[in-house]
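Working from the sequences, and respecting the hints, build out all of it.
Top to bottom, those sequences are chains A and B. Counting in the working numbering, the first sequence runs from 922 upward without gaps. Counting in the working numbering, the second sequence runs from 60 upward without gaps.
Since the hints were made in silico from the structure, they are not lab data. A couple of the hints might just be wrong.
[Said to hold, decoys possible] Derived contacts from chain A toward chain B, CB cut-off under 8 Å, selection only: (1) F940; (2) T954; (3) S977; (4) M984; (5) S987; (6) L991; (7) R998; (8) I1015; (9) F1019; (10) I1075.
[Said to hold, decoys possible] So these bits of chain B aren't anywhere near chain A, every CB distance computed over 10 Å: (11) L151; (12) Y298; (13) E299.
Just so you know, these numbers come straight off a predicted model, no measurement behind them. Cβ coordinates follow ideal geometry from the N, Cα and C atoms, glycine included.
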Amino acid sequence: MNAQTETSNLPKKRQEVFFIALLTLIIIGYFYTLYDEITMLKRVYEDAALLKVRTSVIPLIMMMPSLAVLIWGIGCRLVGKVSERSQKNGLFIIIGCFPIFLIGWAIYSWQVMNWLDDNGYTQCSSYSGVTMGAPKIMVNNPSFCIEEGYQVRIELLDWFEGLYLQDVTPTIEMVTDKQEKLLSNYNERFDLL
Amino acid sequence: MFNVQRLKGKSQSQIIEWVDIALEKKKVVSKEWELYKSNIKTGTSFIPFGMDSLVLGALALEMKRGGNTFAKYQIKTYNGKSNVIFKGYAGLRKDLTGTKYLANNPKVVSFGVGKLGAANAIKGGFIASVIISATFHSFEQMLNDKATWHDFVGGVSVDIGIAAVSSGIAWGAVATYVGGAAVMVAIGPMVAVAVVVVGAALTVLTNAFIDSYVLSNRISESLREAEQRLKDNLLKIKYEAKRLENSYEKDPIGFMYRLFGIPYFERRF
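In structure tokens, the structure reads:
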């Protein structure tokens, strides 16, 4: 009988272990993204020509307790120590984190954009897509933001990144030339000439 | 609207120009759209959370009418059918005036109570996300001259894909956390709200982690390439058809011979 119960519980246990592992991976992934974002923001001090700012990443740390509570709760279920009260409290923490995250996001966005503005950066919407996670593209010279660069924005952003890694400061001529070249290649590739 | 303009004999570029003028007249200027699009999208993406919060508020209010905002409900199975039993004074409530309902009762489901209610809330949230994403990308295509249908399809599919995967993970994780307990915490759609909350956080995180804008761009480029290949192939087919037509007109008998692979020696015989 006991052996039967253990066998029937096996898929549940596997599911619990799977979600613990998945949520742990998500948290690790978050900290990797956070590190990436902080590194990007540090470039302001180096006066980098272009920045890709994702204002949601840093405030997202406020949602980490909710993921931690989920891992902890599933862990408790795994070892059979679940109480209704702890579940209820856990759900409160999970839901409660969200408004804090939203408020934090609004304040942080406002602050970080002001900070970037003070450091001479302006937003370039021509290089930003409309996908939910598309970062805000900030340039330290408004002339770097070329409206016609929309179609080749990814290649252009990669080019800016390459220049930064090579420690080369781009000039307006360089950016214009590159944009024209990329656009011409693009038009040629898709027969738009 | 576009068809009316087309019937008036306007070309595609003239129609686009007409839309631009109309939008300018209505003060919907694309520059402003460019400037605020990311903020608008961020704001609208939280509509599903707002919808669930409203449901949660409505249920809390209903429970309050019954005597206790945090009153409990139980899920019990009778004759193989799941039933939801509400505690408190049923007579004082406005909508949930009974003490026992079938779990699939539309009233119960609309309040987000039970597994079906939670699933309904999540489904509603997902559909809302799809509608928001599609509307947003439509605006982008209307107001941005450089955006094409490829960008629309690429953007919407990435948004939907990420929302679906995040909702799935959130649903699985919260369901595993809550477990199959018959007695659940009372404030009805708390589980649904938790799923929406975790799903929203995962959506934001996934978007940042996988660089979704690059992914959507890759999809739109693949579509452009596919369209280009299709155009080239159609051109080839047209060319081949023309060549065959010419060949038939020039020598119909020879054409039929060649068509069926029969050796043909023209006028030698």
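Here is how each hint holds up against the structure:
no.: 1; hint: F940; result: holds, 5 Å
no.: 2; hint: T954; result: holds, 5 Å
no.: 3; hint: S977; result: holds, 5 Å
no.: 4; hint: M984; result: holds, 4 Å
no.: 5; hint: S987; result: holds, 6 Å
no.: 6; hint: L991; result: holds, 5 Å
no.: 7; hint: R998; result: holds, 6 Å
no.: 8; hint: I1015; result: holds, 5 Å
no.: 9; hint: F1019; result: holds, 4 Å
no.: 10; hint: I1075; result: holds, 5 Å
no.: 11; hint: L151; result: holds, 24 Å
no.: 12; hint: Y298; result: holds, 16 Å
no.: 13; hint: E299; result: holds, 20 Å
Comparing the model with each numbered hint stated earlier shows that all of them hold.
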